[in-house]
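Peer 1: Chain residues, written in single-letter form:
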Amino acid sequence: AQSVTQLDSQVPVFEEAPVELRCNYSSSVSVYLFWYVQYPNQGLQLLLKYLSGSTLVKGINGFEAEFNKSQTSFHLRKPSVHISDTAEYFCAVSGTGRRALTFGSGTRLQVQP
Amino acid sequence: KAGVTQTPRYLIKTRGQQVTLSCSPISGHRSVSWYQQTPGQGLQFLFEYFSETQRNKGNFPGRFSGRQFSNSRSEMNVSTLELGDSALYLCASSEGRDQPQHFGDGTRLSIL
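Protein sequences, first through last, are from chains A and C.
When you read off a place in the first sequence, starting at 1, and then add 71, the result is the number in my numbering.
When you read off a place in the second sequence, starting at 1, and then add 12, the result is the number in my numbering.
Don't take each hint at face value.
Said to hold, decoys possible - Okay, derived cross-link-like pairs now, DMTMM-like style, lysine to aspartate or glutamate, Cα gap no bigger than 25 Å in a straight line: (1) C:Lys13 with C:Glu94; (2) A:Lys129 with C:Glu87; (3) A:Lys129 with A:Asp79; (4) A:Lys129 with C:Glu107; (5) A:Lys129 with A:Glu87; (6) A:Lys120 with C:Glu107; (7) A:Lys120 with C:Asp110; (8) A:Lys120 with C:Asp117; (9) C:Lys69 with C:Glu107; (10) A:Lys140 with C:Asp110.
No lab work stands behind these hints: they were computed from the structure.
Work out the full structure, taking the sequences as your base and the hints as a guide.
Peer 2: Put into structure tokens, the structure is as follows:
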């Protein structure tokens with residue numbers, strides 16, 4: 072079984088500032104890791120994924136994340152945020168070879184002008 | 013390619029009724045998974061279908077069921093609706109076991 076902890080429920084940040092959204096996971100098996108974004112009244116959009124290989128993963132909209140196996144973390148970062156990045160962000164994990172995703176509770180990113 | 017399509021977008025039902033939600037996956041995707049999203053419990057996995065067979069099931073009562081057709085389209089059914097079933101139901105499809113899931117915009121179910 073897996074679990075995901077997103078340490079911050081809300082992160083306020085000013086436009087053009089950098090941001091980091093934290094995600095820690097727990098699993099007894101090897102995992103795949105994902106970040107999804109959800110805008111109001113929409114489904115989830117895949118930002119980036121870690122399946123294997125390089126631990127630094129680049130995604131869409133300028134986001135990146137780093138897989139740290141020893142710290143069981145997969146933090147999401149963006150060097151300069153825009154108003155349009157305001158949304159809820161979900162970290163998710165699945166066991167390798169399985170499709171069922173376990174999600175964190177989400178982090179609401181609020182970008183202020 | 014068209015994305016994952018869920019119908020209807022909104023549904024209002026009363027307690028005790030049953031409901032069927034539909035999901036059309038991305039063309040070529042054979043795996044379909046369903047999730048429930050509520051403010052209290054967050055996003056929870058319901059079940060996954062691949063090649064018309066249920067491959068995995070989450071921790072939900074038997075009132076929640078699903079099926080997948082030969083064209084990979086999927087339906088989920090909830091019987092004897094309860095107030096707590098009010099939620100956004102999300103469908104996701106993927107190409108294969110090691111590929112990410114792509115989500116539809118969901119069906120928002122409200123129980124009165």
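Peer 1: Confirm or reject each hint.
Peer 2: Verification of the supplied hints:
no. : hint                   : result
1   : C:Lys13 with C:Glu94   : violated, 37 Å
2   : A:Lys129 with C:Glu87  : violated, 34 Å
3   : A:Lys129 with A:Asp79  : holds, 22 Å
4   : A:Lys129 with C:Glu107 : holds, 21 Å
5   : A:Lys129 with A:Glu87  : holds, 19 Å
6   : A:Lys120 with C:Glu107 : holds, 15 Å
7   : A:Lys120 with C:Asp110 : holds, 11 Å
8   : A:Lys120 with C:Asp117 : holds, 20 Å
9   : C:Lys69 with C:Glu107  : holds, 19 Å
10  : A:Lys140 with C:Asp110 : holds, 19 Å
Hint violations for this structure: numbers 1, 2, all remaining hints satisfied.
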